[in-house]
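Protein sequence lines correspond, in order, to chains A and B. Going by my numbering, the residue at position 504 of the first sequence is 504; the numbering climbs one at a time, nothing skipped. Going by my numbering, the residue at position 6 of the second sequence is 6; the numbering climbs one at a time, nothing skipped.
Source of the hints: derived by calculation from the structure; they are not laboratory data. Since the model is a prediction, treat every value here as computed from it, not as a measurement. Each residue gets a CB set at the ideal place from its N, CA and C atoms; glycine is no exception. Check each hint, because a few of them may be wrong.
[What the hints assert, rightly or not] Far from chain B, by Cβ distances over 10 Å, these chain A residues were calculated: (1) G36; (2) R156; (3) N358; (4) R372; (5) A376; (6) R392; (7) R409.
[Claimed, not checked] Cβ pair distances, simulated, as ranges: (8) A:D436 - B:M326: 46 to 52 Å; (9) A:R372 - B:R6: 53 to 59 Å; (10) B:R267 - A:Y438: 53 to 59 Å.
[Stated by the list, open to error] Pulled from the structure, derived: some chain B residues nowhere near chain A, Cβ distances all over 12 Å: (11) G28; (12) E127; (13) T128; (14) A143; (15) V229; (16) A277.
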Amino acid sequence: MTPVSLRVAMGAALEDVPAVVIDRVLERAVRRADDGTGPPIDLILGETLFHERGRLAHADRARAGADREFYSGVRHAVSSARAACASELLRAVVTHYADEIHGHFDRRVYAVATRALPVGLTALLSGLSPRELLARRRIPNLEEHVVIDGEVDALRTLARRGTIILVPTHSSNLDSLVMGNSIFRLGLPPFSYGAGLNLFTNPLTGFFMSHLGAYTVDRHKTDPLYRETLKEYATVLLERAQHNLFFPGGTRSRSGAIESHVKKGLLGTGITATLHNLRAGRDGARIFVVPATCSYPLVLEAESLVSDYLEEAGRSRYVLPEDEFNRVQRWVDFLGGLLTLDLRIELVIGRPLDPFGNDVDLAGVSRDPRGRAVDAARYLRVDGAPTDDPARDAEYTRRLGARVVAAYRRDNVALPTNILAFAFLEILRRRAPRLDLYRLLRSLGPDTSVPLDEVVTEVKKIVHGLATLASRHEIRLSRQARDAGAVIPRALATFGTYHRATAIRREGDRLHVGDANLVFFYRNRLEGYGLGEPLIPQRSDA
Amino acid sequence: MSPVDRPVAVLGAGNWGTTLAHLVAKNGHRVMLWTRHPDQRDEINGRHTNARSVPDLALHPGVSAVTDLGEAIGPAELVVVAIPSQSFRAVSRIAGDVLQPDHLVVHVTKGLEVRTHRRMTEILAEETCAAQVGVLAGPNIAAEIAMGKPAGTVITSAFPRVIEVTRRALSSEQLMVFAGADVVGVELAGALKNVVAIAAGMATELDIGENAKALLVTRGLREISRVGVAMGAHPMTFAGLAGIGDLMVTCASSRSRNNRVGRALARGELLADILAALGMVAEGVYAAVSARELAAARRIEAPLLERVHRVLYEGLPVVRALEDLMRLPAGRDVGARWPGRSG
């Protein structure tokens, strides 16, 4: 563990980060405007006003009040200003963005909060609904239900040798708490989170997020200047050797499938920071990218997520304002389910990579596919000198993204709920081969049922297929799913503990559809492994 | 060492590798040409000829041959790989001992690895640390270029610097070097068109007529583009230099090795004898195996690719194969379906 005093010292070293970010973003914008490689400053401001006006039109009135006032001032100044003022206005906008991103970050509180974390989640829960929790004999503690596996030692070792970018899969808002808690349990030093704004505004998590080293990512903001400021912020943190965590999928998986595509923006910050480190003569400063895959037997927000996936229009929405994450009762039901059935959330730490997508050994040395040592800094050098080349770096990031996605697939843990849902929907799909996905799901109601024997046979087939894949390290098979006979009762019990309309229910010797959308959601985790016909379009980075 | 001073490495002293080395040297660059044969190295360095690969070419004195990969690759920035597809992995694996992340690696091999169906850039990614890679392809009969005749080619890479440095090394009044970004498309077009070229050779030998040959080649192009697009290629790549451009020259020219294989098969010669007489690799003979399997795996109807494979490996008589292809039901040509019909 890093001593508290050191953390406070690190905190002090980060105080000037927003100022550095603002200077860099402004310098770049002005330089590009001057040499004609970027838009003029007034055009950048116009674009900001356009994007922000669009966002504010749909934003919550109470929360957006200050922003409205700010942009009204900017608009007024732009329309009346002389050209000389434009760069001052740009500074004001970038400062506005940088302050929001950095706003919640307080190292001193962080030091106290991480120490409080062993009981943190329990405390969080006891705070949310005392009456509900007092009625139970035990207070559920999320920590006991998260199993951490994989390259834990490598992560610990490399966190001492360099700076880590931890990139988990994103299924649920619970991921942030699971990751935060796991980082603490593994004895790792503090990480910075790129956390969605909704985590700060959520009444249950807001307090903790504000004090867990999180900086704010507002996915509603589409202004390119905002994204540039955010990327610069993450880059400067890495240059200051601050471990970083963000979700490269960008948003929670709507379909329930594991990410087959990751966003390149923040993922590329490792390369930019490496380049800046080389230029500054910090040749020894290494950055490592570590994928992490989190598999849930139940997903807190499954119902909202899948209905959003199925509504074509919903695909562009990032935050579901009324989803389960914001409802206290749903949390209590969810955690109660975990406790009653002793369910396990499985977190697998993946093999560490360098920012260019190469494997990294325990000494922090990059390795080529044949295991030979690679001097990774040379990816950025031309004739020995570190050189800017955004197109080159974008391609390296694409390569890294493909390796991260491959790690997710490999470290995905097939759980009983996934297996039963997959087998069940395979049978139903075979019965109606001509129906497309939407018609298929609409055709399934409470009267749709399958004889238990048929499901047992299909489950055995899927478990056999998974075991073969697992022996080739292409997926992981949960211990609870190795006995095919135990999969169905385990999955039915799990579904039954939480969802309002259980996904699948048993009546006598038949299994009935409870909620077809949920069946679809849980089966999608096993999509793309060749276990059955694909049902959702794949985006591949390979 | 400034960029201009750094030599260009060319791996493989076959006819295309040697010709490229010559062109680069003519442009004022030093070239390190790697061969595994000491006698070939001595001939190139001593007499400035390479009789085995390009008999009539007087090599530019800027070309030095070496048998040590490190000596060729170490000082270079641009590394051109001109190794046949079935040896590509073995050479890449050894080259991986000396390749560094700042090397720019461009291959000129129009083939796929038979067992795995891997493209050459995929093999480079599996065997080396090189990431800045590209592929050079197009209608480039080496013998014509060695004679000084004009030609065009396309360098394709996701890395602008690979394109820039390759163009600087190769562009001349004789050779126009175009740029592209669809690496997958150019690699697949280059490899798969060799199978169509074998069919075109058969058609030429049996004299089924120019109309019929054009029909065969065009339907063949449709088959290979469908396979390519299913594997991630951009459809327009097949209409470019590496697609239709290369197909035209391979199907028409008697210099094309694959075309010659098709003609010899149509004369009833045995594949083993044909390849022995050729003395060089005909990539289409290997690509036919991959082409058929790739099409089948994607459920793409590919009657031409399938017939060529059967002629090569299952003893189907050439006459039967061409008769079959000429009697296929005529469905859609290209483009969208029209109402009330199916293709």
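Do the hints match the structure? See the list:
1. Residue-level check passed: G36 (chain A) sits 18 Å from the nearest beta carbon of chain B, beyond 10 Å.
2. At roughly 26 Å from the closest C-beta of chain B, the C-beta of R156 (chain A) stays outside 10 Å, upholding its exclusion from the interface.
3. A beta-carbon of chain B is positioned within 10 Å of the beta-carbon of N358 (chain A); the least distance is around 7 Å.
4. With 10 Å as the threshold on Cβ separation, the claim that R372 (chain A) sits away from chain B is violated: the shortest Cβ distance comes to roughly 7 Å.
5. Non-interface status of A376 (chain A) relative to chain B is broken: a Cβ of that chain comes within 10 Å, the nearest being about 7 Å off.
6. A cut-off of 10 Å between C-beta atoms contradicts the statement that R392 (chain A) is not in contact with chain B; the least separation is 5 Å.
7. Here R409 (chain A) stays apart from chain B, with its beta-carbon at least about 18 Å from theirs, past the 10 Å limit.
8. For D436 (chain A) and M326 (chain B), the hinted distance range of 46 to 52 Å is not satisfied, since their beta carbons lie about 38 Å from each other.
9. As the Cβ distance of R372 (chain A) to R6 (chain B) is approximately 23 Å, the hint placing it in 53 to 59 Å is violated.
10. Range check, R267 (chain B) to Y438 (chain A): Cβ separation about 57 Å, and the 53 to 59 Å hint holds.
11. With a cut of 12 Å on Cβ distances, G28 (chain B) stays outside the contact zone with chain A, its closest approach being about 18 Å.
12. Not every CB of chain A is more than 12 Å from the CB of E127 (chain B) (nearest about 6 Å), against its label as outside the interface.
13. For T128 (chain B), the non-interface assignment is contradicted: its Cβ lies about 6 Å from the closest Cβ of chain A, within the 12 Å cut-off.
14. Once the 12 Å rule is applied to beta carbons, A143 (chain B) is consistent with being away from chain A; the minimum gap is 35 Å.
15. Non-interface status of V229 (chain B) relative to chain A is upheld: no Cβ of that chain comes within 12 Å, the nearest being about 14 Å off.
16. With a cut of 12 Å on Cβ distances, A277 (chain B) stays outside the contact zone with chain A, its closest approach being about 37 Å.
Of the numbered hints stated above, those contradicted by the structure are hints 3, 4, 5, 6, 8, 9, 12 and 13, listed in ascending order.
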